[in-house]
Every structure is written in C-alpha cells, then in structure tokens.
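Model the placement of chain B on the given structure of chain A, informed by the hints.
Residue numbers (the numbering used here), protein chains in the order written: chain A, 2 to 429; chain B, 2 to 429.
One or more of the hints may lead you astray.
Pairs involving identical chains hold if they fit within one copy or between any two copies, as the list cannot separate such chains.
Here are the simulated lysine-lysine pairs, DSS-like style, with alpha carbons at most 25 Å apart [what the hints assert, rightly or not]: (1) K421 / K252; (2) K244 / K414; (3) K353 / K114; (4) K109 / K252; (5) K109 / K353; (6) K109 / K421; (7) K109 / K231; (8) K353 / K311.
What the hints contain is simulated information worked out from the structure, not anything from laboratory work.
2 protein chains.
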Amino acid sequence: MNSSDSAKLFVGISQLVTLAGTEGPRRGSGMSDLSLFQEGAILVDQDRILAAGSFREISALAPARGARKVDLGGRVVLPGFVDSHTHPVFALPRLRDFSLRITGVGYKEIAEKGGGILSTVSTIRETSEPELAEQFQERMNSFLECGTTTLEAKSGYGLDLHSELKILKAIARVASQGPLEVVSTLLGAHAVPVEYRYRRADYIRLVAEEMIPSVVKHGLAEFVDVFCDKGYFTVLESEKILKKALAVRLKVKIHADQLSHSGGAKLAARLKAVSADHLDHVTSKDMAALKKSGTIPVLIPASNFFLGTKYAPARRLISQDLPVALATDFNPGTCPCWNMQMVLSIACTQMKMTVEEAVTATTLNAAYAVGRGDRLGSLVAGKQADFVVMDVEDYREIPYYFGVNHCVMTVKKGQVVYDKLGLASQRS
Amino acid sequence: MNSSDSAKLFVGISQLVTLAGTEGPRRGSGMSDLSLFQEGAILVDQDRILAAGSFREISALAPARGARKVDLGGRVVLPGFVDSHTHPVFALPRLRDFSLRITGVGYKEIAEKGGGILSTVSTIRETSEPELAEQFQERMNSFLECGTTTLEAKSGYGLDLHSELKILKAIARVASQGPLEVVSTLLGAHAVPVEYRYRRADYIRLVAEEMIPSVVKHGLAEFVDVFCDKGYFTVLESEKILKKALAVRLKVKIHADQLSHSGGAKLAARLKAVSADHLDHVTSKDMAALKKSGTIPVLIPASNFFLGTKYAPARRLISQDLPVALATDFNPGTCPCWNMQMVLSIACTQMKMTVEEAVTATTLNAAYAVGRGDRLGSLVAGKQADFVVMDVEDYREIPYYFGVNHCVMTVKKGQVVYDKLGLASQRS
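Same shape as in the complex, but just chain A (with noise of 0.2 Å):
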C-alpha cells in the first residue's frame, strides 16, 4: 500500500461517537443524538477530518489519498475531551486542607489556619516561572493520556501584577511546546490578596487597569474570568472588571452562583459571557438568561464530589433546553481531579445525566464554552483531527467503570501524542 506521511486511515473502531449534525451546541434533547456508527472508521489528512463514519463508506476513500492504516482493534473513538474550566498551575497539592475537611474544619477555618486559594498564592509567588511551567507540563501529560485534548488554563494564584503574568507565561510556554492545546485565562478576580483586604477597590483597579491592559499587550489570556461570590466579588465588583475586559475585546467567563446565589449568572447572561460556571445555585431565572444569551452553563461535578456539597440542577438545565457543558476544575484546593472521564462518572451517577447527553457536555458543548466550537468538540469533516481511544467497546462502559482511565490514545491535530498500546506503530 502506498503511504503519504500525512493521511491516515483509523479503523477497528467498534463505536464511533462523531456527534455530527447540526450547528452550535447542544440543547435540550439534542445532547442525546451522539451520532454513534456501529463500525466505524475515520479518514485523517495533516491536522484535519477528511471524513468520518462508517467503515465501509471511508475506508472506499483511503486508498485514492493514499492513505497509512492504524487499526484500533475493536475500540471506541469519541472526541477529545476539552476541559473548559481548570486552575492546574499551582506550585503543592494542599493535602492539609484535604486531611482537615474530612475531620469537619470548614472553608473559613481553613484559610484561618493558612490554608485556602490564599495558601497557593504564597507558594506561587516564591516559584519561578520555569519551575511552574515544568510542573505543569508533567500535568499536561497526565490529561493527555486521560483523553483530555483541549484545556482552558487559568491564572489566578498570583494576585498581583507580576505573579498573574508569570502564571500566564508559564502556560504560554507549555502551550507553545503542544501538543495540548492550551486557551488562557486571566483570573486576576480570583480573591482579593491580604495587602488589599482594606482597600478592595484599589485591587479591582488594579485588575482592570493593569493586569487587563498587560495581558492584552503581551497577547497572554483569551478570556478574562472573575470569581464572583459571597466572600469573594461582588456583581458589581465583577462587571467593572469583565467591562474593561470586554472593552479590550477579550472574552470572559464567571464563576456563578457557586457557594450561594450571589448574581453571578444574571450577570454573565448581561454581559453575554460565553461560559458561567458552577451554577450550583442557579434559579429558574437564571437560566431563562442564560439562554436568551447564549451562554454555555458549565457544570463541575467533581468539584461537588470532592467537597460533598450540592450539585447543579443539571436535570432542569438540561429540560430548560440549555446546552450544559462539563468540565473537571482541576485545582489544588477543591478539585484535584485532571480525569474527565471521572466527571462522565459523577455526572452520570450524582446529576443524573445520561452517558449521551454526558458525552456530549464534555466534547462538543464543551468546545463552544471555550469559543472552539466551530473547529473542536465533534468529528465532522473538515474539523480538526483531535480524538481519542478508549479501550472499551461501549462508549457507555467509560463512565460505568469508574474510577480508572480507559484511554490508550490520544490524537491531536492528527497526530498521535499518546499510545499506550503501541498500536500506531503496528503493521497492519
């Protein structure tokens, strides 16, 4: 068989999740229809889908482009996961905050004992950015071998001017390294640092007036988000930092209605936000703004897991025929998770949401809260080649046997990054 270098031929594919179909994201009973071919088989070409369905049909294309078989020995191929929601720079994991909540010491305590996000902060801003850039690149590579293809990043454990922009060039230097693709986040509003604990309209200032202004100079963040909640932003503090974001022609995401139902996605509904996220405690109406906006509720199951606290109403957003996306908000303090097919789990078994509709909040629903919508999330030709093998032959068999990771391949932009099979390699 002739064999260009650059187009492949994926086959022994015994489910194929392309979710193909209609445009935009997913709402209402429309995050049921995965698309699923019985036999599948996907035509590759450099870094996109040439096509995508089943085998018979796109392996009688392969041969005219010449192109080089990976048989995936009866597996199941679904999108890369695009994790839209994660704070994975941080310097330690907080396992004394984890041992003294399990023991009842609540979230106040233990910040007061010198735990909490503020904890982080200190260790930060002592780490060079090189140091950071390693540590996340070794965490870079544990989502990649979970299946995990696109993630957004946040700062946000800097608080001041020169730590945020260290954090966010740290994962510019991943980011510029690959293979994951890497969207940046300003999270400057992440809470307010001790120094400015009695002059809190001096650190909004210096947010919107510095850290935003910085960011766009030096091309370092696509969104800007803000933590708005009790004990952290207020609305207001929140839209004056998310205007000036806006007004600089940044997109902007909000943590909302986490801890209580504080306006943050009344908010984010106003200000067209592309994602709010949380929404543990969103209301009806709520969620008719949101939806008359546009914007994508993300939903962080695991997050609820780990702390034992309520999950979102992930039922009546879906019933209210919003296009709910999942992600892991992996972090140091509420979420040490990186496996989205953890998230698939809890969702399924704690939110009640079907393995399809999981399915789909975690590929293509989940592409559209990080704006990728278009060329992420779903394999449809003329997409970007980013999926991944799991090695089961059931796509509901990942989120039931929980606990565990089932990806043996990882391909981004049409190459394979992970394989832990070796099956890239075989002769076929």
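Relative to chain A, chain B alone:
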C-alpha cells in the same frame, strides 16, 4: 555488589506505610497510626519481608544478604490492597441497567425489564468455564495494576449446582496461575433463581445440602456468604445455610443490612462471622454485637456512590471501636469499580474517614476480613512481601488526586508482578 536471586532491597521510598505495631485488626484511634517512615526501605527474601523501616537501618542489613537494589525513585510504598468483597466473574457489563437507573428506573423495575442479578445469571449459565476464566484473568490484571494483591471472589451468578461450581472452578483456575491471591467464596444464596420462585425452601436446601458439600468435596471455597436482606434471603434462611457452612468448617460472611435493617449484622455476630458487609442500615445495638463477636465490618462506599444511596455510618462504627474494612464490591450491577484507590477517595470525601483510617481499612483490616491478617496487610518482618508503589510523594495524594490509578509497581510474594515504569530492571 553480589546479588542473590532472591534477596531484594527496595529503596527510594519517600514514605513507607508499614502499619507495624500491635497484633490484630486496628480499632478506633488505632486506625490512624500508619507507622510511617519518611525515608524507608524494605528488605525482601524470597516471598517474605526480612525487614521494613527506615532507610538507614534497613539498608545496613542488605549487604550481608547480597540483596539486589531496586530504586523506587522517591515514591510511596504501602501494603498491597486486600479487596475483601468482589463478584468478579460475570459475562457482560450491565450497561442497560446503568442507563435505566440514571433515568430513574428502580431496582425492581429493572429486574422486571430483564435486568438485575438474574440477567447476569442467564448469561453466566450460557458461558463456558474456560471463557469465564479468561474474562476473570483479564480483570485480575486490572486489579493488580491498581495495587490489589489479594482478592476475595464470590460465585453467585450461577444459582444452580452446576453453574455455581463452574464459577468457582473458573476462579480456582485463575487463582492457581497467580500472581493475584484469590480467596474463594460460595454465594449460592445471592438471589432465588426464577425456577425456585415458588419453592424457596427447596432452593435453601439446594444451597445447604448440595452446593456446600460439593464445594467442600472439590475444595472450591473457603467462605460461604449469603445476601441476607429484604427481597433476598431472610435471617432464618440465611442462618440455615451458614450453620451448614460452619458445620463443615467453612468460614462465613454476610451481605448484611444493605437495603434495609433486616437483621444481617445481628446474625453475623451470633454466628461469629468473619465479616459483615455493607451495613448501610446498621444500628448501635448491631455495632455492640459485632464488636463482641470480633466480626469485621466491611463497608462498600463505591457501591453507594454508583447507586446514589445512603453511605454506611463509618464514623460511628469507628467511634464504637470497630475495626472497619473497605472493599470495592466489584460487580456488573451495582459497582463496576476495581480500583481500591477510588474506594479510598470515596471513603474520605463521602464518609469522612481520614486518609489514615481508609488506608488501614483497605490493607490490614481488610486482610483480617478474609482471615489472613496474620500473613498479609502490613509490612513487618516475617509477613508476606505484598506491597505496591504509588507514583506520589505523600500517601495522602492517593485519595486526593482521585479518579485515576497511581500504582506503578505491584509486588506479590516478593516478586515484581507489575512494573509500569520498568523500575525493577534499571541498573543501580
């Protein structure tokens, strides 16, 4: 350095969890003491531990033994997990039940739609013993790779003499090949099969008078277990079966008070069962009885997670000075999870067991739950060399970074039986 074939010195251990100390299962505050060494080493000869403790002390003993050095690169070592409650021999995953349950269909209705335990029974009866053994063998590798070195395995999906023996023979076939150590349990009384629906007494007789004697004759089980609960077997029925087991010197376990407070724990105490498992509805009175009888309470939180049901009162059991153990309950209906690390995460976050209590409950106390506490479950001189290497620096990271497998090496009877990173073959 002279190397003998048999002696090995494991070094490069950032933290060594030995659980050395008093004999017997650990109770109350005793569950918090891991006997941890910050820089540890283990000296192994053949299948036994010669010494385990601080690097300085243990490494001094090695030259005299001509021990070969294995450097674990600064990782955590703990005793191999003992998974004391599993149903690992089934033909197919129950994916349809999983999807139905998410949409709110109950246990009873699922059974009526052809799902539930009895659906596994029909497929098992049609599957040959070599096929069952092959599937179990594959699953065994999954357990080993996640750090389980000893596994209790129940029958219970045959529900006729031939099929129950077939399952136990498949278990015996796999067990004889190693390296996983398997503890066999006859669970003929897992459910009343359809054909005995209107003559339950005949089925009890079948289990007690035919299955148990056959199992003894062929040496196919060490334990007998009964699902003593509402809709399954009454206390009286369970007692008949278990007394027969005790009469022929088999040990007993009980599925107790899982679905309702139906008297299983009290029966376990009266019969001095080795373990009483589940205990979601256990009372203070039951706890006192279990304490007196020395029965190990085995909790199954991953099943509560998967089903979304009430967790057993772990904190109350521990405060009542009971030696709590934890198991996966791996099975196709109510807990498709083989990773004991995930059980640790669920126990810590949902039942508020401390990390130290959960580690004790999955190792030393779990060894007692299968009657092997004298030989397994802790790393002290003279015990079997069963231990695992986790790719973390601090043992608390094992439940903290949840939803993945941290195990990179499994050592069973002194042999390296899984070595993801090739650590044992590196030249030092």
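The hints, checked one at a time:
1. K421 / K252: So K421 and K252 fail the 25 Å test inside a copy (37 Å) and across (42 Å) alike.
2. K244 / K414: neither (34 Å within a copy, 64 Å between copies)
3. K353 / K114: Classified as between: cross-chain Cα gap 20 Å, same-chain 36 Å, threshold 25 Å.
4. K109 / K252: Neither way: K109 and K252 sit 31 Å apart in one copy and 49 Å across, limit 25 Å.
5. K109 / K353: For K109 and K353, only the inter-copy Cα distance (19 Å) is at most 25 Å; the intra-copy one is 31 Å.
6. K109 / K421: neither (43 Å within a copy, 41 Å between copies)
7. K109 / K231: within (12 Å within a copy, 44 Å between copies)
8. K353 / K311: For K353 and K311, both the intra-copy (13 Å) and inter-copy (16 Å) Cα distances are at most 25 Å.
Hint compliance for this structure: hints 1, 2, 4, 6 are broken, all remaining hints hold.
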